[in-house]
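From first to last, the protein sequence lines are chains D and A.
The numbers in the numbering used here rise by one with no breaks, and the one at position 70 of the first sequence is 70.
Heads up: take any position in the second sequence, counting from 1, add 296, and you land on the numbering used here.
Honestly, I wouldn't trust all of these hints.
What the hints assert, rightly or not - With a straight-line Cα cutoff of 30 Å, these simulated DSS-like cross-link-like pairs (lysine-lysine) come out: (1) 116(D) / 160(D); (2) 432(A) / 131(D); (3) 36(D) / 136(D); (4) 494(A) / 136(D); (5) 160(D) / 131(D); (6) 369(A) / 116(D); (7) 432(A) / 160(D); (8) 448(A) / 160(D); (9) 479(A) / 136(D).
Unchecked claim - Which residues of chain A face chain D? A few of them, derived with a C-beta cut under 8 Å, are: (10) 475; (11) 477; (12) 480; (13) 481; (14) 496; (15) 566; (16) 578.
Keep in mind that the hints were calculated from the coordinates and are not lab data.
Built from N, CA and C at the ideal position, the CB exists for glycine as well.
Here is what each chain is made of, one letter per residue.
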Amino acid sequence: MTDSRYVSIEGIARRYTAAGGRTTTVFEDLWFSMNKGDFACIIGHSGCGKTTVLNILAGLDAPDTGAAIMDGQAIAGPSLERAVIFQGHALLPWRTVLGNVTYAVSSRHRRWSAQKVRDHAMRFIELVGLKGAENKRPSELSGGMKQRVGIARALSIEPKMLLMDEPFSALDALTRGTLQDEVRRICLETGQTVFMITHDVDEAIYLADRIVLMTNGPQAVVAEIVDNPLPRDRRRLDIHKQPDFYAVRNHLIDFLVERSKTFKSALPPGYDHRHPPVVRPTTGLSTPPDGDMRAA
Amino acid sequence: MATSLNLRAALVSFLLLAAFLLVWQGATAGFGGTSGGLPAGMDPEYAKLMGLTATTGKSAMPSPLDVGGALMKMLSDPFYDKGPNDKGIGIQLAYSLGRVLLGYAIAVLVAVPLGFLIGMSALMSRALDPFIQVLKPISPLAWMPLALYTIKDSGISAIFVIFICSVWPMLLNTAFGVASVRKEWLNVARTLEVGPLKRAFTVILPAAAPTILTGMRISIGIAWLVIVAAEMLVGGTGIGYFVWNEWNNLSITNVIIAILIIGVTGMVLDQILAAVARLVTFPE
Ligand SMILES: Nc1ncnc2c1ncn2[C@@H]1O[C@H](COP(=O)(O)OP(=O)(O)OP(=O)(O)O)[C@@H](O)[C@H]1O
Ligand SMILES: [Mg+2]
């Protein structure tokens with residue numbers, strides 16, 4: 001199993017030095033890994049360092065110690081192999097929808113003709129359902145449409161890994177649902193390796209194969225890795241009818257509400273930073289459905 | 297609603313103008329006065345000095361109708377040239393505009409690249425800051441003697457003064473605009489492995505363009521303010537010299553016309569840059 005690790009984070013630490021010279025350690029000795037084609041979500045409270053981990057994976061930030069490795073190579077800087085969907089969509093407002101996507105495509109394929117770049121970009125604009133809006137500027141788009149452009153831009157460079165920082169958090173429930181469906185379909189079809197940050201427990205359960213639970217900062221650790229027991233061909237609308245759904249959901253909510261605070265102070269016996277425990281919550285071993293609880 | 301507000305604003309503007317012209321007309325219509333003779337208490341020497349206007353009891357101030365008539369005459373033949381002291385208003389304006397645009401263009405060529413450098417480098421930004429802070433508040437007229445002494449040529453001196461006064465707002469705005477480009481946009485370019493030069497032109501420049509244009513707009517206003525003062529000192533040609541010359545001729549009518557033209561030209565320059573600014577500004 002350890003041989004097939006496609007992406008691995010190996011003992012990374014990130015520290016910031018405050019103005020007074022005091023250093024705060026966001027996290028330390030953080031380990032986890034992903035297989036090729038994995039869809040991993042990371043869940044944790046605000047400020048625990050999720051974006052920092054994503055930025056390190058993207059190569060936009062560097063760890064103070066340890067290393068992030070993808071496909072056998074240490075990540076030393078940003079790369080076209082890893083596309084980022086930014087939290088605030090980060091579209092260039094002076095470019096049209098098409099212009100934003102072609103900017104990415106032409107950066108990836110520097111020798112392509114303008115026509116080829118355009119056709120390729122249009123394919124991905126169609127894929128996210130924005131055909132007809134390609135000549136609009138970001139300011140003329142709704143929040144959901146902007147996020148779609150961000151997704152099209154990231155997918156158009158056909159990266160080895162997709163990094164998403166709360167891509168749907170600013171959207172209304174309906175749009176979020178549709179986009180989740182689309183992203184899941186595209187990622188399953190293309191076997192995309194995805195690392196995604198979310199605050200939404202249901203989103204994580206629907207999308208992820210594995211859910212990384214991060215404790216509160218500072219000095220956050222990976223508490224455990226939840227192996228999603230739901231079948232791969234799940235559908236968003238009746239996912240709550242899956243037998244193990246509430247087991248996973250309660251496990252995650254319990255973590256966010258209770259254990260994320262207390263986990264660090266009383267590390268379970270045998271806890272190894274290098275190999276955080278992998279758990280697979282199923283109906284057999286969990287509390288009965290408790291549908292009204294929400295993630296903090 | 298918006299159109300009706302515009303309409304009402306235009307109406308109020310028009311009424312204010314009409315009222316102003318009316319008061320002006322009334323104030324300059326003359327006091328009737330003692331026909332022929334000197335107004336009571338006027339020193340005959342002074343009267344001789346001041347010429348007819350003072351002695352007739354009519355105000356030296358021309359009425360709006362006088363100004364309007366003279367303006368029409370000037371505009372009907374703006375480009376005549378009858379020697380150094382008698383050129384059409386169009387020619388004088390062209391001289392001024394030429395100087396302003398030359399000095400301003402040089403300032404743009406210096407300020408925008410230098411501002412880019414300062415904005416991109418925290419080191420340069422700190423190193424150059426004291427110089428900028430000292431040089432920025434210096435009055436254009438204070439530069440004039442130094443410019444005349446070192447450059448000798450008065451025409452080039454005027455252009456230099458335009459340059460040195462209009463360079464600062466553009467420099468500071470460019471540096472600020474470049475330094476405050478949203479980090480997310482830079483990260484987009486970084487994750488796409490866009491090289492530094494391409495990044496400067498495809499991300500930083502468009503992102504900073506509205507701020508740069510704001511600086512350019514402030515600068516053109518300053519340049520136009522400075523040119524009138526500079527030409528008064530330097531003499532020879534230009535709208536500033538024209539004002540000075542007409543004052544020496546005691547032609548208040550022409551001075552008023554020049555003031556009007558200076559104002560309108562300044563507004564046009566400003567509006568041109570405002571239009572350019574709108575072209576490069578994209579809401580998010
Ligand atoms: N430039 C910085 N200087 C100092 N501290 C920083 C800096 N950037 C981040 N931090 C600290 O690092 C910690 C982790 O930040 P990060 O943005 O990764 O959190 P996050 O888990 O993504 O939070 P959220 O869910 O709110 O997005 C925070 O406590 C933050 O205060
Ligand atoms: Mg974050």
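For each hint, the structure was consulted:
1. Taking the CA atoms of residue 116(D) and residue 160(D), the gap is about 21 Å. The hint holds against a cut of 30 Å.
2. The suggested pairing of residue 432(A) with residue 131(D) is violated, with an alpha-carbon distance near 51 Å, which exceeds 30 Å.
3. Annotation: proposed proximity of residue 36(D) to residue 136(D) is violated, straight-line Cα distance about 36 Å (limit 30 Å).
4. The hinted pair formed by residue 494(A) and residue 136(D) meets the criterion: a straight-line CA distance of about 24 Å does not exceed 30 Å.
5. A hinted pair counts as satisfied when its Cα atoms are at most 30 Å apart, and residue 160(D) with residue 131(D) qualifies at roughly 25 Å.
6. Only pairs whose Cα atoms come within 30 Å are accepted, and residue 369(A) paired with residue 116(D) is rejected, the gap being roughly 62 Å.
7. With a C-alpha separation of about 52 Å, the suggested pair residue 432(A) and residue 160(D) falls outside the 30 Å cut-off, and the hint is violated.
8. Our distance criterion of 30 Å between C-alpha atoms is broken by residue 448(A) and residue 160(D), whose separation comes to about 66 Å.
9. As the CA atoms of residue 479(A) and residue 136(D) are separated by approximately 23 Å, the hinted pair is consistent with the 30 Å bound.
10. The criterion of a C-beta within 8 Å of any C-beta in chain D is not met by residue 475(A), whose closest approach is roughly 18 Å, and the hint is violated.
11. A distance limit of 8 Å between C-beta atoms decides the matter here; for residue 477(A) the minimum to chain D is near 11 Å, and the interface restraint is violated.
12. Evaluation of the residue 480(A) hint against chain D yields a held restraint, the C-beta minimum of about 4 Å falling below 8 Å.
13. At a threshold of 8 Å, the smallest CB-CB gap from residue 481(A) to chain D is about 6 Å, leaving the interface hint in force.
14. Taking 8 Å as the C-beta contact cut-off toward chain D, the hint placing residue 496(A) at the interface is violated, the least distance being around 14 Å.
15. Taken as an interface hint, residue 566(A) does not check out: its beta carbon lies about 23 Å from the nearest beta carbon of chain D, beyond 8 Å.
16. For residue 578(A), the suggested interface contact is upheld, since its CB lies about 4 Å from the closest CB of chain D, less than 8 Å.
The structure fails hints 2, 3, 6, 7, 8, 10, 11, 14 and 15 (numbered hints given earlier, in ascending order).
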